[in-house]
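> Sequence:
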Amino acid sequence: MKRLTLFAAAALAGVIGSAHAQTKWDMPTPYSEGEFHTRNVKAFAEDVGKATGGKLAIQVHSNGSLIKHPDILRAVSTGQVNIAEFLLGQFGNEDPVFAADNVPFVAAGYDNAWKFYQAQKPALQKSLQKRGMRLLYSVAWPGQGFYTKEPLKSVDDLKGTKFRTYSPLTARLAELLGASPTVIQVPEIPQMFATGAVHAMITSSATGTSTKAWEFVKNYYKTSAFHPKNVVVVNQRGFSRLPKDQQSAVTKAAAAAEKRGWEMSKAREKEGDETLAKNGMSVREPDAAMKARFQKIGEQMAQEWEKSAGAEGQAILKAYRSKK
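The C-terminal position of the sequence shown is numbered 324 in the working numbering, with every residue numbered one higher than the one before it.
Simulated from the structure, these hints should not be mistaken for laboratory data.
Ideal Cβ positions, reconstructed from N, Cα and C, are used throughout, including at glycine.
Please note: incorrect hints may appear among the correct ones.
[Unchecked claim] For lysine-lysine, the following DSSO-like pairs were computed, each having C-alpha atoms within a straight-line distance of at most 27 Å:
| # | residue 1 | residue 2 |
| --- | --- | --- |
| 1 | K126 | K252 |
| 2 | K55 | K244 |
| 3 | K130 | K24 |
| 4 | K278 | K153 |
| 5 | K259 | K323 |
| 6 | K218 | K270 |
| 7 | K259 | K153 |
| 8 | K318 | K115 |
| 9 | K291 | K222 |
| 10 | K55 | K252 |
| 11 | K266 | K115 |
| 12 | K218 | K278 |
| 13 | K55 | K24 |
| 14 | K307 | K291 |
| 15 | K24 | K244 |
| 16 | K291 | K115 |
| 17 | K307 | K324 |
| 18 | K126 | K115 |
| 19 | K291 | K270 |
[As the list claims (entries may be wrong)] Label-pair restraints from in silico Cβ distances:
| # | residue 1 | residue 2 | range |
| --- | --- | --- | --- |
| 20 | G54 | A292 | 55 to 61 Å |
| 21 | K291 | G54 | 50 to 56 Å |
| 22 | D245 | A43 | 29 to 35 Å |
| 23 | Q80 | K126 | 33 to 39 Å |
| 24 | K278 | K126 | 42 to 48 Å |
| 25 | E304 | R74 | 23 to 29 Å |
Whenever a hint applies, use it, and build me the whole structure from the sequences.
Here's what the structure looks like:
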């Protein structure tokens with residue numbers, strides 16, 4: 001009987017010990033369950049769980065349900081949560097390096113966007129480290145294009161419109177187009193168009209399909225102006241508290257998620273373009289005159305951004321141009 005009691009006590013201690021050994025992280029992300037970024041994040045969390053034998057469990061909270069998008073960077077930086085995903089360019093006012101991939105018409109298309117990311121990465125890692133965060137991986141959105149109610153005869157048709165923006169540099173783009181920038185989060189887009197609060201926007205075909213853009217606009221211009229990126233970051237102190245094998249599991253899962261995510265993004269762009277067209281939208285390339293005008297605006301914005309970002313901005317653009 002005594003031996004049985006000792007055995008039971010030992011077994012209970014083992015259960016308690018294993019329970020204490022599990023680390024649980026809550027992970028906020030701003031996007032819906034079905035969005036490819038969220039699906040990729042969930043696959044990353046599953047990979048970490050498998051690789052650690054369940055010792056590190058990451059619970060994904062989608063659609064801004066745990067923490068609203070504008071508050072996510074601070075939440076990870078302060079350790080309110082240990083890990084999160086957010087749109088990098090949204091925080092361009094905090095650091096120009098965060099806004100780099102929102103400079104339009106500089107790195108159009110996936111190949112250029114990947115080269116730009118490699119050029120940006122050293123400065124990005126440094127900027128995140130200053131805020132107590134570590135970059136795990138980054139995935140680009142599909143290329144950004146223009147949505148309008150009426151066909152554009154020229155870029156001047158955007159003058160005077162209320163233009164939906166989502167970052168400091170998209171707001172600056174609206175200003176240079178002669179439009180009035182209006183910051184609107186993705187879930188609010190349909191209602192804002194329906195009420196006339198906005199008339200046009202620049203965003204991806206992914207966001208266009210998720211918001212059913214054909215219900216409020218009829219034209220999509222494929223400019224691939226830029227590929228804004230989401231980042232998945234971890235609080236550095238939280239990461240350093242993990243055992244080495246768990247740290248390794250996280251970084252390996254992150255590398256796989258980055259590679260997978262870029263391929264998912266390409267597939268999402270193709271799917272998005274096709275879905276917009278199937279639902280009656282006119283999906284087209286801008287004409288030569290529009291492209292030339294957009295390019296001129298892009299050059300001005302690149303100069304402005306480089307000046308605001310100083311030596312780091314110069315280094316990023318120089319590194320990128322050397323890769324082209």
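> Would you list, in rising numerical order, the hints stated earlier that this structure does not obey?
Structure breaks hints 7, 22, 23.
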